[in-house]
Amino acid sequence: MTLINTLFGQGKNKLDSRQQPGQKTLPFVAILVISTLLACGANLLLPESSALYVSTHTITLLGKYLCYAMLALAVDIIWGYCGILSLGHGAFFALGGYAMGMYLMRQIGDRGVYGDPVLPDFMVFLDWKTLPWFWQGMDQFWFAILMAVVIPGLLAFIFGWLAFRSRVTGVYLSIMTQALTYALLLAFFRNEMGFGGNNGLTDFKEILGFDLQADSTRVSLFAITAFLLAVIFIISQYLMNSRMGKVILAIRDGESRARFIGYRTERYKVWLFVYSAIIAGIAGALYVPQVGIINPGEFSPINSIEIVIWVAVGGRGTLIGAIIGALIINYAKTRFTALFPEAWLFALGGLFVLVTLYLPKGLMGLWETIQAKINKPVPEAKDEMKTGVSS
Amino acid sequence: MSQNNANQFSDLKRFEAKLNAPFQAIRSGLRRDQVWPFLLPDESKVNIDKDILLYIEGLNLSFDGFKALNELNLYINKGELRCLIGANGAGKSTLMDVITGKTQCDSGQVFFGQNIDLLKQDEASIANLGIGRKFQKPTVFEQQSVFDNLELSLKANKSVLPTLWAKLTPLQLDKIQHVLSIIGLSKQAYQLAGALSHGQKQWLEIGMLLVSEPRLLLVDEPVAGMTPQETERTAELLTSLAGERTVIVVEHDMEFVRSIANKVTVLHQGSVLAEGSMQEVQSNPEVIEVYLGEEAATPTPPATKKTISAPNISKVSLINNKEEKA
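Chains as they are written, first to last, in our numbering: chain A, 1 to 391; chain B, 1001 to 1326.
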């Protein structure tokens, strides 16, 4: 017993001083949930004239940001923890979005411009007579949600299985992911694909019978997004604190060593990639009903690169950092593009350069240094470091 | 009547037994003192009837025309502590790469026990068979604590899902604690491995080998960068392991080799030059010729009694380097 006590007793103190990730899970989730509830309440309960009233526009915007945060979480899991820089995660996001978009299209029914009870408008316009096979069943909500999870997961599995089994790593893998999303972009632009071509899917009316324009629907969608983000965050935190998380870090820092210990690293990478793609798919499915449109532009490589920047700014390898990075940058983007629309990409690029040069650990790293300065280094810990290095 | 009754009774019993069978199966499946067979670690049967753990026969490997391994034959007995020595480029590390599955050889055979063909396995399954390796340059997971490094190396089912649900059992915790005290890192257990000194990293890597309970340990230059005291402790540790486990050590430090080895194999240009006790190897004229170059080739009887010491080795490596360049 004393053994365990010493181990854990000792361990706890030192882990505290070492900023073990996962400590802040509960406070963070609490903040997320409380602010969500406050925002919802302020929108639904307060009169519009109140100073604290949150407009539905803001709610929708916040919901969109949370979807981006979920997407950033997905990229952080694969990049920050496993060292696989995916420049194509936008593809999984867009696929999830398309699955949801197809459901919403089928929900329009005969209220479309052409009034066809089954065929979406763009198919009537293209003079198609029957529904393509891959649109079958998409009028069922559960099936659409299933597809929003399965299709990105399956694509990630096939891609990951081929790439990781052949031990493709580093820049080559990044370029392949980029090519993947670019190929999908080109494919979805074609009208013959049956996904609405250039215009994508839009003009949605309702989801599960609820009017998409109604305040209550929008607030609910926002609340669901926040809830799912919290759930995924907690699951991911659990995953990263389990022994599997340790193996994943080990793969990042020394893949061949991990292999020599007996871990089949490619399997870990494939499943982590699938997990990450599924999160991205869910984020996409939540994103589409809130913004009301999905088009091939979501596949564009620049989007995927932007996600990487969110994670880098927030601090990779910290799940909270990814979420915060996505929220801050997207808020800045909304503000900035309203003022100087042309300059945004330059600002983003500049930010990336600055963060890489001066904040390699992102905002979370900055926060830790500030905290360390406030707390002042504990002399005991310092001594230990010294003996550790000198002996 | 009574017969009929008895028949009925036995029928009833049989029926009851039938009825109970599935419950019994469930109950035995839920027994807490047992582990389901499919969850048991896969104890692949390594056949070592002949007391030989590792068979290496006719191994050939060349890199762009340079023969790293040349018809190499080597047999390692069970429980042996074998030292491999040889100049730079003699093929020691390459041999380890082939055994652990890192490098594919051109031709030859490597068998673990009599029945397991190592050349057909990948790195992970070779490691799970119980072949552990310590690298020349200490490779530990620097971003993780010493404790986590050891936990990762534990002998366990290393597939994805079992690893996800894995919890440290008290037994494993004891094991880690025990190894921590052996390698003298108990105090640093929760320090990042990257903050350790070079010697400590070497020890941590040895510790990672120990917790994995391997059958065969391949140890590449264990005492490089260690202080004399640390070297001494390493020697003690390795000799204490032999017998229970089989150890192959590659080392340049001749003092160290002399202090641990009862059997030494000298590699030269990818094949075995000599094998035997340190004494025999030192007095082997071929070894002397290779190690001491032309000066020693002229028969000077006292030279055979001279012990081979570290400076000579560096000389040999110099000679060999010249050869390679030429």
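Errors might be hidden in some of the hints.
Mimicking BS3-like on lysine-lysine, the simulated pairs with C-alpha atoms at most 30 Å apart in a straight line are [what the hints assert, rightly or not]:
1) B:Lys-1137 with B:Lys-1102
2) A:Lys-24 with B:Lys-1187
3) B:Lys-1067 with B:Lys-1155
4) B:Lys-1045 with A:Lys-24
Examples of chain B residues lying across from chain A (beta carbon under 8 Å, computed) [said to hold, decoys possible]:
5) Asn-1077
6) Gly-1079
7) Ser-1107
8) Glu-1123
9) Ala-1124
10) Asn-1128
11) Lys-1137
12) Asp-1148
13) Val-1160
14) Ala-1166
Hint data in this document are derived by calculation from the structure and do not stem from the laboratory. Quick caveat: nothing in here was measured; it's all calculated off a predicted structure. Glycine residues also receive a C-beta, built at the ideal position from the N, C-alpha and C atoms.
Against the structure, the hints come out as follows:
no.	hint	verdict
1	B:Lys-1137 with B:Lys-1102	16 Å, holds
2	A:Lys-24 with B:Lys-1187	26 Å, holds
3	B:Lys-1067 with B:Lys-1155	36 Å, violated
4	B:Lys-1045 with A:Lys-24	47 Å, violated
5	Asn-1077	24 Å, violated
6	Gly-1079	22 Å, violated
7	Ser-1107	24 Å, violated
8	Glu-1123	4 Å, holds
9	Ala-1124	5 Å, holds
10	Asn-1128	4 Å, holds
11	Lys-1137	11 Å, violated
12	Asp-1148	5 Å, holds
13	Val-1160	5 Å, holds
14	Ala-1166	4 Å, holds
The structure fails to meet hints 3, 4, 5, 6, 7, 11 from the earlier list, while all remaining hints are met.
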